[in-house]
Structure formats: structure tokens, C-alpha cells
Amino acid sequence: MIAVGDAAPDFTVKDQDGEEVSLADFKGRKVLIAFYPLDFSPVCSDQLSVYQEGVKADLADAGITLVGLSVDSPYAHKAFQEKLGIDTVLLSDFEPKGATAKAFGSYIDAAGIANRTLVLIDEDGKVAWTYESPSPGEFPGPDVVRQAISA
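With positions in the sequence shown counted from 1, the corresponding number in my numbering is that position plus 2.
No lab work stands behind these hints: they were computed from the structure. Treat the hints loosely; a few may be bogus.
Said to hold, decoys possible - Here are the computed lysine to aspartate or glutamate pairs in the EDC-like style, where the Cα-Cα straight-line distance is at most 16 angstroms:
(1) Lys80 / Asp17
(2) Lys32 / Asp60
(3) Lys29 / Glu55
(4) Lys32 / Asp126
(5) Lys32 / Asp12
(6) Lys29 / Asp126
(7) Lys32 / Glu97
(8) Lys29 / Glu97
(9) Lys128 / Asp12
(10) Lys85 / Glu55
(11) Lys85 / Asp48
(12) Lys85 / Asp19
(13) Lys128 / Asp8
(14) Lys128 / Asp27
(15) Lys99 / Asp48
(16) Lys29 / Asp124
(17) Lys104 / Asp19
(18) Lys16 / Glu134
(19) Lys32 / Asp63
With the sequences and hints as input, model every part of the structure.
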């Protein structure tokens, strides 16, 4: 897991609309990356729905942009976003598979997925706060996400 105070690894991936998104796009703003295993799994569906309803507005009020990131393709992300009715940007760590999650220390090699990890990156591209779930089957709830606001 990446350490607080480290420079966040730069990345360029595609979002759910096939548009390239880089860490540099967030320079001057705080971004909270919610790494998650897979689109359409019950726990991932619950996690992103809870964030949309319960903490996304709080994060925005604190000047923090929330994005999700998993190893799924942009096409899967688009379908997942539409199914859940969420507007959270979903980033595709599809090819090379898991490269961004690996750079942040969130990738589980044996499973080929990202663990449920939260990484808050500050305006200067430094890691300001992190949280790693004990297992991919347990997502960090709204109270955990709110800790990023006070970080």
C-alpha cells in the first residue's frame, strides 16, 4: 500500500466514456480514488451506490473529487454506471491490467483485481490519506470515507 506523504504515481487510463484521464488532470484539486474489485458484483454495487447517496456530496463540499477505479473495461464501467444510476467517474485499469492499482499497492495478484482501497491525493499530487479494507469482500463505509475529509 502506498504511504501517506509519497508522491502519487502518475497514470493515464480511460473513463467510462473512453476519454483519457490522468492524475495530472486533478492538479490543484484533491481527488479520492476508490479502488474496487469488479463492476456488477453485489458488494461493489453496494459500495458505489452508498457513496453516491451518502458521501459524494460531502466530499464535493470539501473540495474532493471522487473517482472509482477497477480492472474492468470502459464499456463495462459505462453499463455499470448506468445500471446503478450514478455519476461517479469510473476509471478503467484494464490494459495493462491492474497497472495503476499495482503502482498504488492495491492490486491482488492472485485474484487479478484491486483490493478495496481508498487513496486521497492532495492538490500537489501527494498521498494525504489511505485506507485498505481487510478483504475485497468488505467495503469501507461512509464513516471511513468521511475520514478523508478531515485528513
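Each hint, compared with the structure:
Proximity of Lys80 to Asp17 is assessed by CA-CA distance (about 8 angstroms); at most 16 angstroms being required, the pair is judged to hold. The straight-line distance between the Cα atoms of Lys32 and Asp60 is roughly 13 angstroms, inside the 16 angstroms bound, and the hint therefore holds. Between Lys29 and Glu55 the alpha-carbon distance is near 26 angstroms, which puts this suggested pair outside the 16 angstroms criterion. The suggested pairing of Lys32 with Asp126 holds, with an alpha-carbon distance near 8 angstroms, which does not exceed 16 angstroms.
Distance check on the hinted pair: Lys32 and Asp12 sit about 14 angstroms apart at the alpha-carbon level, within 16 angstroms; holds. With a C-alpha separation of about 6 angstroms, the suggested pair Lys29 and Asp126 falls inside the 16 angstroms cut-off, and the hint holds. Only pairs whose Cα atoms come within 16 angstroms are accepted, and Lys32 paired with Glu97 is rejected, the gap being roughly 25 angstroms. At most 16 angstroms may separate the alpha-carbon atoms for a hinted pair to count; Lys29 and Glu97 exceed this at roughly 24 angstroms.
In summary, the hint linking Lys128 to Asp12 is supported, as the alpha carbons are separated by about 11 angstroms, within the 16 angstroms threshold. At most 16 angstroms may separate the alpha-carbon atoms for a hinted pair to count; Lys85 and Glu55 meet this at roughly 15 angstroms. Taking the CA atoms of Lys85 and Asp48, the gap is about 12 angstroms. The hint holds against a cut of 16 angstroms. This hinted pair checks out: Lys85 and Asp19 have alpha carbons roughly 15 angstroms apart, not beyond 16 angstroms.
Using a Cα cut-off of 16 angstroms, the hinted pair Lys128 and Asp8 holds, with the two alpha carbons roughly 6 angstroms apart. The hinted pair formed by Lys128 and Asp27 meets the criterion: a straight-line CA distance of about 14 angstroms does not exceed 16 angstroms. Taking the CA atoms of Lys99 and Asp48, the gap is about 24 angstroms. The hint is violated against a cut of 16 angstroms. Simply put, Lys29 and Asp124 have alpha-carbon atoms about 8 angstroms apart, close enough for the 16 angstroms limit, and the pair holds.
Note on Lys104 and Asp19: the hinted pairing is violated, with a Cα-Cα distance of about 23 angstroms set against a maximum of 16 angstroms. Straight-line distance between C-alpha atoms of Lys16 and Glu134 comes to about 24 angstroms, which puts the hinted pair past the 16 angstroms bound. Between Lys32 and Asp63, the direct Cα distance comes to roughly 12 angstroms. Compliance with the 16 angstroms bound is thereby established for this hinted pair.
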